[in-house]
Amino acid sequence: MGGSKMDIRTKVSSRKATTKQKIIYALIAVFIVLVPVIFQGIGQLFLVRIMGVVGLYVMLALGLNIVVGFAGLLDLGYIAFYAMGAYVGVIVGDVMLKTFGASFGPWVYFASLPIAALAAAATGIALGTPVLRLRGDYLAIVTLGFGEIVRILITNDVFGLTNGPAGLPRSGQSIPEPFGLLWLREHAVFSIGDNFNFQFSNNLYWYFIAVLLCLLTIFVVRRLDDSRLGRSWTAMREDEVAAASVGINITTAKLWAFSLGAVWGGVAGLTFANFQQFVSPESFTFMESVFVVCIVVLGGMGSIPGAIIGAIAIQGIPELIRGLAQSGILPLDPGQASLVSNYRYLVFGLVMVIMMAVRPQGIWPSARRAMELHPDDEKIQNEESQSLWEAEHKTDTADHDL
Amino acid sequence: MSGDVIVQQLVNGITLGGLYALIALGYTLVYGIMLMINFAHSEMFMAGGYVGLFVLKALTNEAWVGAGAVGFFTGSTIGLIVLFVIVFLAAAILVGILGVVIERFAYRPLRHAPRLAPLISAIGVSIFLQNAVLLWVDSKALPFPAVMPVVTVVKVGGVTVNSLQILILVTTLLLLAFLDTFVSKTRIGKAMRATSQDREAAGLMGIDINQVIGLAFFIGPALGGIAGVFHGMYYGSVKFDMGFLPGMKSFTAAVIGGIGNLRGAMLGGFVLGILESLAAGFLSAGYKDVVAFAILILVLIFRPGGLLGESVVEKV
Amino acid sequence: MTSKRRRFVALVAVVAALALVVTGCASKTDTGGTDGGATEATVVKIGIGAPLTQGAVALGKGMERGANLAVSQANEDAAVKDLGITFETVSGDDQGDPKTGVTVANQFVSDSKLVGVMGHLNSGVSIPASKVYNQSSVVMVSPASTNPSLTQNGLDNVFRVCTIDSVQGPSGADSAFKDLGFTSAFVVDDSTPYGTGLADEFAKQFAADGGKVVGREKTGDKDSDFNALVTKIKSLNPAVVYYGGIYNSGALLSKQLSDAGVTAPLMGGDGLYDGEYVKLAGDAAAEGDFCTSVGYPIDQLPKGADFKAAFEAAYPGEAIAAYDAYSYDAANVIIEAVKKVAADLGAAKVTTLEGKKAIIAAVAATNMEGVTGAVAFDANGDTTNKVITLYTVKAGAWTAYVK
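Residue numbers (the numbering used here), protein chains in the order written: chain A, 4 to 405; chain B, 150 to 465; chain C, 302 to 704.
In isolation and in its complexed conformation, chain A is listed as follows (with noise of 0.2 Å):
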């Protein structure tokens, strides 16, 4: 490892892609596009869906990462922003409605979708501000509690905006379908021999705006990771007080950090509220936190190809395995199918213990994270876990009385 340590900057900087990797991106993307459109084809709806269900995973993977990952704030309550975003998109939207009328109904959308971010993002500094002293584990219970306190005045229908545990849209109303969809599902049509039958649906709609947010997302994290911020959080992730002392603001970069992981949270919210055409607070529970939370580690934090490898893991294979039993895909009979189904998630418990024994890094870790930290090094460790304020108050860190 030691050896390889001096070349982190030119790895990082060196981002031209070789001729052999734009072939591979080029595979990629064909596959991105393709592969849902012929799932599309041989009438196999639900694995567009769970497609599109990791898409959203994706974006709320890399959103959490910069928080997790990026900065080494634990957040166990994330999935406020997503409900944030998903709420306030929908009660934006229907305003929108009301104030423009039903022709503005395919644009709604696209318009609420900045809302609903800085919303999250808002909620996200509202969040940050008063528990930036907190330590690694005491910032997790306070995000948990957070998240909790979120869905729970959603639930108790608070100001009456809500609709309680009965959800939005209310009876009655509807989210409106956005633009183009209707127009693909009545040309985007066609047929390849008798098994083969095309026809443009919501899965396939909210599926592409889904990969294509998580490109924007890429994008966006890419920039972040190589900006001033990205190296201010990385000193911050590695040594508070080191980082306080060459002069970054601490406060500041936990803010962006929250607020900007936040944004994907919201973003995702509403893609998934409209993707459903439906929200209620059932969606956001405290184990839904924990799932994002497990792909960013399961991937490998601070890495993006982590986080899609982690959502396609924990969000996407449960599900499939199910519905590969259950649709007569596997030549499995109903017994068996039903047996497969009820066990996936004593196996996926198995699993997930059995990968952080045999990788506790992750399945693609970050390659600068693993260049910098020696999972090994056990002083590193201790001193990731402290933050300022302890290191202002204490000299010694590892002290628990018990």
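Calculated from the structure, these hints are not laboratory results.
All C-beta atoms, glycine included, are put in the ideal place defined by N, C-alpha and C.
It is possible that part of the hints are untrue.
Label pairs and their in silico Cβ distance ranges [stated by the list, open to error]: (1) B:Lys304 with C:Gly482: 48 to 56 Å; (2) A:Pro334 with C:Ala677: 38 to 46 Å; (3) A:Val350 with B:Val234: 32 to 40 Å; (4) B:Ser151 with C:Pro603: 49 to 57 Å; (5) B:Ala212 with A:Arg173: 53 to 61 Å; (6) A:Phe162 with C:Ala614: 51 to 59 Å; (7) C:Ser373 with A:Ile357: 36 to 44 Å; (8) A:Tyr346 with B:Ala212: 29 to 37 Å; (9) C:Ala677 with A:Leu215: 29 to 37 Å.
Position chains B and C relative to chain A; hints supplied.
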């Protein structure tokens, strides 16, 4: 609001707080030594409820232990006491062993892994255990037999305290006193404290780290298991997902008290239980969790180490 | 860099291989389906959408049991055999989670042989899922989702055999005030769409009848500690405590009320109508509690007694849970419609788009005698069965209340 109601809410809160405190001790013990949030601890609580239920059912089943034994267990006061001591011991020991096994297979390989790896492993264990109970035991809530008669012990005005509430409180206090003495007075307790301060240095001083960690993973889950049996007795049922809410609350309690601090966990449990009951009684039951978490955030803003946590020392 | 690139290539290869396998297999099964011989019966699938690994699993398993019973009975039926069709069920585990529920819905509509769905339990799942079914003309009959907006979105394929809150809640209030003579009530719900809706409607009607609602509180559907609430209820001394929610938590509330010496009975909707309620609350605490449920008591209808016998034969040792009978009826609604369409159009056409649309029309025109009473639907797809029976716990079991 009359005074009676306030006192009764305090009684409710203290009982609930006792349960939280028992579970919180497990979180705090493991955190103190391993610096890890043991997310699977809520499942230890759930396992305790089930072990208690099965042992209780087995011991009151004439086909298993004979009519004479059942008559002894359910017929006399001494029999009842013996019965419940056995049930609690069984739950504590079996769940303690489960905790040790989980540590051995899920957490020990991760001693030197990045900080979040054990957290994910613990979540995996939690999902596994919940589904194991769901698939192999029952998806329904199982009634917990009301073998022990619940009698009103104290009745002053409108305030009543029953035998079970007293039992929970007394047991919790006794266990804390025992644990506190154990950690501060015995050799192995000293080893635990040393390990929590600096694991590596403790190892160099000849302390068997694995033994200490194993012990923490026995005691913590054992206490959680006892809390699970109490939960079954007090509320009358056990269910595969019963651990989630109390687990989350108890973890909150441990943090309020100052995680890593045994007395803090205890204090945090009672504070949370009482505040929750008062909030449910006088504000709104729907907002009681909001109050609980808001208190947590406030405590941490003003005392970032928790109530009894690493308190503020002079600036250096 | 080489290792990184190698991983990229490996990933792409793995995913591509997976996709190929999936597409390959899928087309294989498709061709396999078409060359079914004349002697072989057409397989018609019915989806069961219910929480089976997370959420309200006990109720979900009950739904699965009810629907499976209906389907296995239908397959024994000579009329079904003559028509040349065999029913199969597919259980989709929605985990009570809207996101998973919509994925399950997509899985159901991906199966061309699947013509109808018996589900889902949670309204939050049923509402978004219903839109997916609508796009593929798959009929959906929910045995348990009571959120009014489910049937008010203008979708012609959505039905439910359970009554909506605005029927059951007021009926409960009338019973409480007029028949049982309770003049004051404390109303609690479990923060689910079902519980909140029911409790709101109860409170509204109870006040309109002239009763006094002395308190209105919310709890969580996973809560087990109600002692603080119980103390509050005790201090207000209502004549009855109304609980909008499911028996799990309802039983715990009843037990804690009784432990604290509150003598007012607990009352609720069909979510409490489950033998487990009495077991969990304990005989003493549950005795004298009330609940309302849709239709006539099972024992009073000939169909009901048959159902009970068949259920006990099929699932020895299992008690009939809150939604088993509704699920049985819901599945039978779909089965009857399939039978009608198979008779009209021929078995082969049942699983075509034409057949599916005919099934929706046939379900809309349903008029059958079910376990829960006469089953028929209004223009929205809500059941027209407005018969509500009041039950009380007597000698450790729910029995129809007789004045």
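- Message: Under the constraints set out in the numbered hints, which ones does this structure not fulfil?
- Response: Violated hints: 1 and 9; rest satisfied.
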